[in-house]
Amino acid sequence: MKKRTGKAILFFTPFMICFFTFWALPFLYGVYMSFRKVSLTKGDRGFVGLENYRALFEQSSMYAQDFLTGLKNTLLFVAVSVPLLIVIALALALIVEALPARLKSVYRTIFFMSYAISVTAVSSVFLWLFNGNGGYINNLLVQAHLIQKPVPWLEAQPFAWIVLVAATLWWTVGYNMMLFINGLNEIDGALYEAASVDGAGFLKKLWYITLPGLRNVTVYVSLTSIIASFNMYGQANLITKGGPTQSTKTLIMVIQDVILKKNNLGVGNAMALAMGVVVMAFALCQQHLTKEKKELKEVGGNGR
Amino acid sequence: MKARRVLSMILTAAIVMGVCAGCGSNSGGETGVQPKQDEQEAESTKEESQGADKVQITFLNGFTGGDGDYMRKITDGFNASQDQYEILESQEKDHLTNYKANGADMVVIQGSELYTYMADGMIREVSSIYEAAGLSLDNYVDAAQDIVSLDGGIYAFPLDIHPLTMFYNKELVAEAPATYEELAALNTKLQSENKDVYAMAVPGAGLSEWYYMMLAAQNGVEFEKDGACNFATDAFADTLMKWHDVIFVDKISPANMGLDGEFTSFAKTADDVTVQSAVALTGPWFYTAALDVYGDNLGIAPVPLIGKEQTTYAGSHNIAVSSSVTEEAKLAGIAEFFRYMYTPENLLNWADAGQTPVHKETLEQIKANPEKYPLPAVNAEQVVNAKIAPQVYNVGGQLAYLNETIFGRIVSEENLTREDLMKELEKATEIARQVADEE
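As given, the protein sequences belong to chains A and B, one line each in that order.
Under the working numbering, think of the first position of the first sequence as -1, with each following residue one higher.
Under the working numbering, think of the first position of the second sequence as 17, with each following residue one higher.
Isolated chain B (complex conformation) (with noise of 0.2 Å):
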């Protein structure tokens, strides 16, 4: 009996001691990517004890599809080449939150939504790191330069440009439409040869951004306002009803495409419920598996110009600095780092993930090899002009309302007014001015 009583009490201990434990284990560490870098640690004693002596610097990222083993091979690359300093890098799906909560010494940041972190302090001006690297701004493409340059400073390194692609069957396509008549022109010829092939497919949601955004840039419509986006402009609601006669006027593309449906329907087959697209606006992250449907026969081409002038829309991935950063030794680790990552040798690397690096000299040498980077080669010709999105306080929450509803009735309602829609843009501008208002 009293056997049994100690041996209860045991276990109730040994119950709070782990409970205790495991709470000290979830507030221990400073940084979100401590447990990455207990995990690193724990593989390799030989490295673990050679990694305590070097300076470590923390690099968060978002690279959790394909792209991740690319960016892997250039941070273990540099950390190869190094006696001093090591990076820890931490690949995560939602990393920008991790960052906010925990922090990090590097981290990689969309060029639209660098100047919501250079407003919160969160990530600090870099041109320090940039001549203790011997890089400058010269090194980049003009977007790129423009995209890092806030307030009169620079706020990142410049990793790669992405733009909005064009993807195409060859079995229908003959030659790449570069504009919005060449569509049109296709869309005849494949509709008069099977009624459930289009020439191209408006999405519901996902890349909706991305559509009404290229042709914006296309039209040459400006959305700053007063640190805030207007988007009750007649050129705006031009743009976005252009999207709508695509669909319900000149029927390029069929309606109710839902999400990601530009890219669903070009990797289908036509048959009578399954509607096909020929050609596909869409993100270079769809390579991959366009390439697995449809190998030599697809090609890939700049987005044709529908709209005034030749640009396309683009997100960009950017390396910032934590303003939490001030440790001489950190900055000099960070500087070669950045050293070691500009050289068309190890930036290449980038290339291989199907990326486009603004990096100039890189750019020339993709340019050079287009059967060895055939993405990157033609998004060489998109990245020197590519437009990104407003950089304004939180551009996310700015375009929320646009995303999440204007363009999903753009692309469902046939009967949309003009006037509707211009209801509409005068609320998502009202929201619009209240996110930035929180800066």
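Pulled out of the complex, with its shape left as it was, chain A reads as follows (with noise of 0.2 Å):
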């Protein structure tokens, strides 16, 4: 027994090394500076206490003030992407599963495709495509007729957002379209063909076998789309720079500026954990939410 506790402390010890090396140490370093007056030229001037998070929350702080902007631009972007990376995925994946064999193949690989180009290559195809002076979209769409001059698609909202979605969704619906497909393959046949036997449509199926059957990929899917969402940062630092206005500077971008453009490591540090706690409240109320369903399901299962 003591030769295989031995042996199992030798295998996870890499693991632990990294663990602590690349994620606990600078998490737990990134708490002590939130405490501390620290920027990069005067290195750490000591102990403030809870005055980096005060910082935060005064009206009058200018760091009060980023950190609002950045949190509101962000939930902006969480509420629109989100259901869209979901929604928009499921529709794919039941496209896809429903394509003769030999064709499946082809099309996941061509939707999946997009998630292995990296943000700075996906940032430039859209810059080209929605220039506001002279794009191909508005090339497209007046000469179309559809519109009668160009869109500030970059310059402008909603217009900025509505391209920062899109990019978003093209990069990076094809890794949560697997997801569903895996999701998908787990679920029963024979549910089918009996709900088919019973006279079940499309939508019904959808609804009673599909849905319920990818219940714990949904949620899977739903909570890293949440904190990707979060942490959303190339696609708007590349294709708008922030602006119009700062209205699409997302949370990230607000802190890189208090570490680098004010020198803050301390304020900067305070804000990124206060992102964090507000990620995990949308994390556990998620889960608490999912928690509830289950509970209800097995109620309802054990009086049948």
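Hints listed in this document are in silico derivations from the structure and should not be mistaken for laboratory results.
Everything numeric in this text was worked out from a predicted model, so none of it was measured.
Don't take each hint at face value.
[What the hints assert, rightly or not] Here are the in silico distance ranges between beta carbons for each label pair:
hint : chain 1 : residue 1 : chain 2 : residue 2 : range
1    : A       : Val275    : B       : Glu454    : 23 to 29 Å
2    : B       : Thr80     : A       : Tyr27     : 27 to 33 Å
3    : A       : Tyr27     : B       : Lys109    : 35 to 41 Å
[Said to hold, decoys possible] One side only, chain A facing chain B, incomplete, derived with CB under 7 Å:
hint : residue
4    : Asn137
5    : Asn235
6    : Lys239
7    : Pro242
[Claimed, not checked] Here are the computed lysine to any residue pairs in the SDA-like style, where the Cα-Cα straight-line distance is at most 20 Å:
hint : chain 1 : residue 1 : chain 2 : residue 2
8    : A       : Lys147    : B       : Gln207
9    : B       : Lys439    : A       : Lys259
10   : A       : Lys259    : B       : Gln207
Beta carbons: idealized from backbone N, C-alpha and C, even for Gly.
Two chains, each in its own frame: build the complex with the hints.
Pasting the structure below:
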């Protein structure tokens, strides 16, 4: 037994080293810095208690204004992008699964391919497509007589958000689709056959078999999509640079500015931790709601 | 079975050692340029053995564009001429972050940021190095002297001043407009021929700071008040509203031109969905791209007089020395490098990059050869009295709200009133004060 424990320790030691080196220690150091007055140039100037956190919530503080701007923008992006990332991914998964077997892998690859592209390349393509002055989309829409004058896609709202959400969907929806496809493959085909015999149509099968069967995958997809959307940085930084007038400046961009431009590591770390709390609150809410539904189902199942 | 167990243990040990080795290499190296140094040394064993005998001086800069090769020519030239000292140059995109975190012996810093680095104790006073190099402030144009003179001392060696410059399309513009009235007249003519061609385009982002600062400089607007920028003044509000009028009243520029719109519209050809500008007030770093588009039809001129006094806004590269450099041998090597660099023969390499050196002797040679140095020759006139951003603590942070929000509103909101603007300027002033208080 002792020999086996020793071997186990040997095997998980590499993971623990990586975990502490690249996650636990930086995290704890971040927490430590959030209670101190630290800058890249002046170094650590001592313990300041909750001062850095107070700066995030005191209305007159520039950091509070920055934090609020970033949080509002990020929440808006999460609210718009997450439902689309789930619904469109599910729709694509259903379409791909309905294709003849030899076409399935082709379309699965096509839809997933965009996920393998770097955010820099994705942003370059979308910049070219949606350039307000002579961009491809404007050319297309004007020539098709759908609009009379070019749309300032990147220079005015709500167009800038539309472009960022479209870029995010195009880039990442393939990954969620693959997860849904795996989930669909887990559902017992006999259930669909039995439902067909009972005369159920597409919508009834979707509602009573597919969606319940995908519940766990959906929970995972929505959780990872929420976290990814909170962390949105590359697209906004490269396509809109946070503009117009800071309206697409996300929380991560704000944190970067506080640390690098305002040279305040203490407040930057406090902001990052506050953001972590917000993301965790979302994750817990979602877990709570899912758990409730599961319990209801169990109660319903016992009653039947 | 036993062999498999031994193999798995060896593999595990290898992974653990690999991780530890990785950590070791990450934590090693006192300066951020160490990896680059390692690469360079790996390239040539001979150089490595020679370099070991020399005093090595690390030099960090952000010349990652086309100008990087020309700076490399200067440092390589110095290294080749030396048997005592060696410059280890590192060109990095975000070199100042690296400098803040890891340091270097010499670093290139924008003139407007010198004050911050001085206040944070990251750069040293360099009068003694000037003396050792046989140089004095008189070797540089007045504007450059002002930039590096702080708190009664000298904190850097001026390399160049890169001012807002005017490029124009000779096919559309017969003679470079020198005043706002001439710009307006040009616009009337162009618009009468093609409604998609404008005289100029005001960008929504990118060079926004350069636009309002250029006009503020021409209008004599002063910002500094007790170490912070005061934006809430009538003079500055009028300056900003002038750009609003350029777009929405005089219609010399289209609205919503976005990031780098001044140049992207200049480089395009007008059609139903594309507007074109005949003139671009932009940074000299767009010169090569402009030349690619227009070739011999590219005109270069000083920015026109839009305000009250002919001047322009500029950035400036300056070489500062780290406050951590105290070793006599290293200081002597740095002085030797500046003695080498500040000769027309060597500094003209920097003019080859399209930059305008502010070393008077070199500048004279540039003026004498306008055909060889077309852009620096035009800018030689502009750098003499160019203005830079206020030298206050963390000027980038103080200007951030103006750059990211206010100017965007100026160029996109037709109904923006002066009252709305003043409220925003008061907010920007309060932010600037808070940034300054962090000194």
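Here is how each hint holds up against the structure:
1. A hinted range of 23 to 29 Å for the beta carbons of A:Val275 and B:Glu454 is consistent with their spacing of about 25 Å.
2. Range check, B:Thr80 to A:Tyr27: Cβ separation about 30 Å, and the 27 to 33 Å hint holds.
3. Distance hint check: the CB atoms of A:Tyr27 and B:Lys109 are about 25 Å apart, inconsistent with the given range 35 to 41 Å.
4. Interface hint status for A:Asn137: upheld, as the beta-carbon distance to the closest one in chain B is roughly 5 Å, under 7 Å.
5. This hint is violated: A:Asn235 has a C-beta 12 Å from the nearest C-beta of chain B, more than the 7 Å allowed.
6. For A:Lys239, the shortest C-beta to C-beta distance to chain B is roughly 6 Å, which falls under 7 Å, so the interface hint holds.
7. Restraint check, A:Pro242 versus chain B: the minimum CB separation of about 5 Å is within 7 Å; hint holds.
8. Proximity of A:Lys147 to B:Gln207 is assessed by CA-CA distance (about 17 Å); at most 20 Å being required, the pair is judged to hold.
9. Restraint check for B:Lys439 and A:Lys259: not satisfied, since their Cα atoms lie roughly 24 Å apart, outside the 20 Å limit.
10. The hinted pair formed by A:Lys259 and B:Gln207 fails the criterion: a straight-line CA distance of about 42 Å is larger than 20 Å.
In terms of the numbered hints stated before, the structure departs from hints 3, 5, 9 and 10, listed from lowest to highest.
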